[in-house]
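2 protein chains.
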Amino acid sequence: MVRDMTDRSPARADRTEVIRQAALDLALEVGFNRLSIEAVAARAGVGKHTIYRRWPSKGALFMDAVLSVNPPALEYPDTGDVEADLRTQVHAAIDLVGRPPFGPLYRALLGEAQHDPAIAAAVNERFIAPQTQRTIARLEAARDQGQIAEEFDLELAVDMWSGPLYYRFLITQEPITHEHADRVLAALLAGMRPRS
Amino acid sequence: MVRDMTDRSPARADRTEVIRQAALDLALEVGFNRLSIEAVAARAGVGKHTIYRRWPSKGALFMDAVLSVNPPALEYPDTGDVEADLRTQVHAAIDLVGRPPFGPLYRALLGEAQHDPAIAAAVNERFIAPQTQRTIARLEAARDQGQIAEEFDLELAVDMWSGPLYYRFLITQEPITHEHADRVLAALLAGMRPRS
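The listed protein sequences correspond, in order, to chains C and B.
Number 65 in my numbering belongs to position 65 of the first sequence; there are no gaps in the numbering.
Quick note: to get my numbering, add 196 to the position in the second sequence (first position is 1).
Hints were generated in silico from the structure; no laboratory data involved.
Be aware that a few hints might be false.
Claimed, not checked - Computed cross-link-like contacts, DSSO-like style, restricted to lysine-lysine with a CA-CA straight-line distance of at most 27 Å:
(1) C:K48 to B:K244
(2) C:K58 to C:K48
(3) C:K48 to B:K254
(4) B:K244 to C:K58
(5) B:K244 to B:K254
Said to hold, decoys possible - Quick partial rundown of chain B residues pointing at chain C, CB under 8 Å, derived from the structure:
(6) N229
(7) G299
(8) R303
(9) A304
(10) H311
(11) Y363
(12) I367
(13) A383
Claimed, not checked - Partial list, computed: chain C residues near chain B (C-beta under 10 Å):
(14) H91
(15) A108
(16) I128
(17) T132
(18) Q133
(19) A137
None of the values given here were measured: they were computed from a predicted structure.
Where is the CB? At the ideal position from N, CA and C, for every residue including glycine.
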């Protein structure tokens with residue numbers, strides 16, 4: 001039986017998506033360390049070779065599965081008040097990263113990024129860099145409106161804005177709350193305001 | 197042959213140290229993901245059961261081995277100038293964490309902390325919390341000397357001081373440099389100075 005080529009791509013894409021979803025479901029159930037390709041294959045109803053044809057390792061499959069989740073867009077509003085707008089955006093980010101299902105999956109992915117430079121590079125390219133660009137664009141607008149000092153380095157501002165939240169998430173593993181982010185933001189902006 | 201009990205403890209301690217060192221050496225050679233208890237046992241010249249009697253898992257062995265390394269003390273001087281003293285301390289911390297052998301081992305340990313809450317708790321108890329206490333003590337002295345505003349929350353200051361450096365180390369994985377830390381510190385202190 002000859003299969004129509006136009007049929008094959010969607011079927012292949014569907015199967016890829018089924019395997020990704022099986023990997024995410026299992027990771028949430030048993031944790032990344034106990035996740036196995038065998039179990040993902042069984043859950044997805046495919047053979048192990050079907051998985052290895054697409055991804056070279058468990059880490060590569062997991063990375064692709066997590067980064068293919070489409071979280072709600074973390075865009076910044078522009079109401080003209082930079083503090084209010086950063087606050088709005090970070091509350092949405094915290095609700096995403098601090099809670100299941102995305103939170104524990106993202107934590108595990110950042111864990112693997114410490115063992116595998118290819119995973120770290122992919123996380124940066126597909127998740128961190130676009131977010132950094134959005135943050136810098138919003139800060140540039142604030143600088144143009146005189147809400148941030150001309151001389152303040154906006155790349156440094158990104159490190160100082162994201163860093164304290166990731167420090168809680170990955171190091172102390174205390175809850176990241178709206179209230180904590182608000183306090184980081186107020187302290188950060190206190191150092192960024194134009195000198196009068 | 198009856199062994200003297202007073203001999204046994206040092207011998208046991210020596211063997212524990214030999215196993216820890218074998219785990220660290222192998223982790224640096226092959227990476228944490230390819231580290232195996234079998235290989236550690238072979239390198240240390242002991243049986244696998246000797247390892248499993250001491251540590252329940254590869255992660256537990258690795259955690260104990262990394263946290264048993266005695267890095268140079270990361271104490272703060274107190275010259276009366278808080279910015280200079282934080283700078284001196286952070287340069288030493290960066291030289292430790294940013295370079296082999298401790299740097300890649302610590303990175304791998306923080307990776308495992310994302311998969312295993314027991315490892316995260318141990319890292320906090322044995323490494324992060326003592327450092328946090330030292331930082332807060334130095335900031336309190338600065339506050340007493342009028343170099344930091346009375347109302348500034350010093351626990352928040354720790355998040356904002358450590359966070360940007362860990363963000364580089366774990367997320368963007370750009371080099372953490374003395375110069376970057378100096379810029380973080382200047383921006384942070386700009387927001388912490390007493391209002392005149």
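> Taking 8 Å as the limit, does the beta-carbon of B:G299 come near enough to a beta-carbon in chain C?
Replying inline: violated, 11 Å
>> C:I128 was flagged as interface toward chain B. Is the shortest Cβ-Cβ separation under 10 Å?
In response: holds, 6 Å
>> Quick check on C:T132 please, does its C-beta sit within 10 Å of some C-beta on chain B?
In response: holds, 8 Å
>> Just to be careful: measuring from the Cβ of B:R303 to every Cβ in chain C, is the smallest value less than 8 Å?
In response: Nearest chain C Cβ about 5 Å off; hint holds.
> Hey, C:K48 versus B:K254, does the alpha-carbon distance stay inside 27 Å?
Replying inline: Satisfied, since the Cα-Cα distance of roughly 26 Å is no more than 27 Å.
> Going straight from one Cα to the other, do C:K48 and B:K244 come out at no more than 27 Å?
Replying inline: Violated: C:K48 and B:K244 sit about 30 Å apart, past 27 Å.
>> Hint validation: B:A383 versus chain C, beta carbon distance must be below 8 Å. Holds or violated?
In response: holds, 5 Å
> Are B:K244 and C:K58 close enough, with their CA atoms no more than 27 Å apart?
Replying inline: holds, 26 Å
> Holds or violated: is the Cβ of C:A108 closer than 10 Å to a Cβ in chain B?
Replying inline: holds, 6 Å
>> Hint B:H311 vs chain C: min CB-CB distance below 8 Å?
In response: holds, 5 Å
> Given the proposed pairing of B:K244 with B:K254, does the C-alpha separation stay at or below 27 Å?
Replying inline: holds, 11 Å
> Holds or violated: C:H91 as interface residue toward chain B, Cβ cutoff 10 Å?
Replying inline: violated, 17 Å
Of the hints listed earlier, those the structure fails to meet are numbers 1, 7, 14, 18 and 19, in rising order.
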